[in-house]
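Engineer: Position chain B against the provided structure of chain A, taking the given hints into account.
2 protein chains.
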Amino acid sequence: MKTRDRIIQSGLQLFNEHSERLVTTNHIAANLGISPGNLYYHFRNKEEIIRDIFTEYRDYMSKRLQAPMAAEVTSDFLSNYLDAVFDTLWRYRFLFYDLPGFVERDPKLAELHHDFQRDVIVPSLIRIHHQLSGLGWFNWPSEDLIGVVLNAQVISNNWFSFERALRPNTPITEAACKRAIGQVLIAMRPYVTSQYRLQFEAIYERFRYDYQDLLAGSDVPKA
Amino acid sequence: MKTRDRIIQSGLQLFNEHSERLVTTNHIAANLGISPGNLYYHFRNKEEIIRDIFTEYRDYMSKRLQAPMAAEVTSDFLSNYLDAVFDTLWRYRFLFYDLPGFVERDPKLAELHHDFQRDVIVPSLIRIHHQLSGLGWFNWPSEDLIGVVLNAQVISNNWFSFERALRPNTPITEAACKRAIGQVLIAMRPYVTSQYRLQFEAIYERFRYDYQDLLAGSDVPKA
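So the sequences go chain by chain: A and B.
If you number the first sequence the way our numbering does, the last residue is 1101 and the count never jumps.
If you number the second sequence the way our numbering does, the last residue is 1101 and the count never jumps.
So that you can see chain A by itself, here it is in the shape it has in the complex (with noise of 0.2 Å):
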């Protein structure tokens, strides 16, 4: 692997287990056993490498929202989509703990987010929710589909930093990737036909999870 690629590698690495806050480009050097001056010929500093990261990420991301959705929407099919959703979002996990922040301090990453933003994510989304719907899936009032949709994007942007509020010094674990998918499936849950009802449980049985350590200490009242 060529040394940027590297660098780039152990960045996200070193980020996703310490957030990025708290690594600087000499950690990553020494990670990697090159000196500073080797990794300065490739990056001037860490938000060009976070960038980099970032359109790594976006490629990643818009590769699988892109996919040709089958003619016929199997369960499979959807489960899969989801689990490339939940993988990207591990694999990219600390762009997530703090998503605003990353933008509010670099003018260049917050013009890359917005395009995405803009341009693939919620145009890839709310296609694939005219093909879930046309498929049979869902029926949703037409007025409430890009609502939903922007709800759906807004809770899968932000749950890692929610949880990492919620309970301080605890890592985002693979656990809390799936609490966010469940999360996002709770906000699409109301609108599954009836036809698809079973298929969509099966699912959301898998993501789905119990409150309980999230809020622990928390005098959650009973109804």
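Mixed in with the good hints there might be a few duds.
Repeated chains share a single entry, so a pair holds when one copy, or any two copies, can fit it.
For lysine to any residue, the following SDA-like pairs were computed, each having C-alpha atoms within a straight-line distance of at most 20 Å [stated by the list, open to error]:
| hint | residue 1 | residue 2 |
| --- | --- | --- |
| 1 | K1056 | Q1031 |
| 2 | K880 | P1049 |
| 3 | K941 | R983 |
| 4 | K986 | N1047 |
| 5 | K1056 | N916 |
| 6 | K986 | R899 |
| 7 | K924 | R899 |
Note that these hints are calculated values from the structure, not bench results.
Structural biologist: Quick look at chain B alone, frame taken from chain A:
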């Protein structure tokens, strides 16, 4: 007004207008026409000012969340309640430009935020949802209630940062607050009972909006 309180109010105003990152304690002192030394007599740094604003927000919100609900929830009551949330979001809006970032950078604020979420926000929201349900407004499967409440919380906490990412350089206006509430109502809408459908729709109408401006430039596919 005491100097200490004037500093808090001036900080809140400047953070709301320009975002916290761009405002220094010197800006706050200059805005008040006091010396930096006078400001430092009251607050050692910007973090202390933000923490005091957060505490003010917490108390302001708690009072509204914990207000007893009328035995019969009229449409006016629910509407006023949403207005109070709207008002709080608007008054302390800078906190929601990048809530995860504030929490990540200041461990003391993280603790305040965490305790507030766990001890007040989540239990209050669940209690209010139970009450609304007991009064016949909503009918949710009990296993979905917490999920819906947490989604509502993630949406309202992060809606401003989502809008800021989609439309950089566009200030957060009262219209964005309306949209935040509207998005929360979309998450609750599928659970409204037919008995209260019309009353709910009348409230929703006040907060709904056309997505055209938010998604301007995005190639949103038609159904």
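Engineer: Classify it for me, K1056 with N916: is the Cα-Cα distance of at most 20 Å met within a copy, between copies, both or neither?
Structural biologist: neither (39 Å within a copy, 51 Å between copies)
Engineer: Within, between, both or neither: how does the pair K986, N1047 come out at a Cα-Cα threshold of 20 Å?
Structural biologist: between (30 Å within a copy, 13 Å between copies)
Engineer: Between copies, within a copy, both or neither: which fits K924 and R899 at Cα up to 20 Å?
Structural biologist: Close inside one copy (10 Å) and across copies (19 Å); limit 20 Å.
Engineer: Using 20 Å as the alpha carbon limit, work out where K941 and R983 are close: within a copy, between copies, both or neither.
Structural biologist: neither (27 Å within a copy, 34 Å between copies)
Engineer: Reference check for the pair K1056 and Q1031, CA-CA at most 20 Å: within, between, both, or neither?
Structural biologist: both (15 Å within a copy, 18 Å between copies)
Engineer: Indicate which option fits the pair K986, R899 if close means a Cα-Cα distance not exceeding 20 Å: within, between, both or neither.
Structural biologist: Answer is both: 18 Å inside a copy and 17 Å across each meet the 20 Å cutoff.
Engineer: Within a copy, between copies, both or neither: which one fits K880 and P1049 at a CA-CA cutoff of 20 Å?
Structural biologist: Intra 30 Å, inter 42 Å, cutoff 20 Å: neither.
Consistency with the previously given hints fails for numbers 2, 3 and 5, ordered from lowest to highest.
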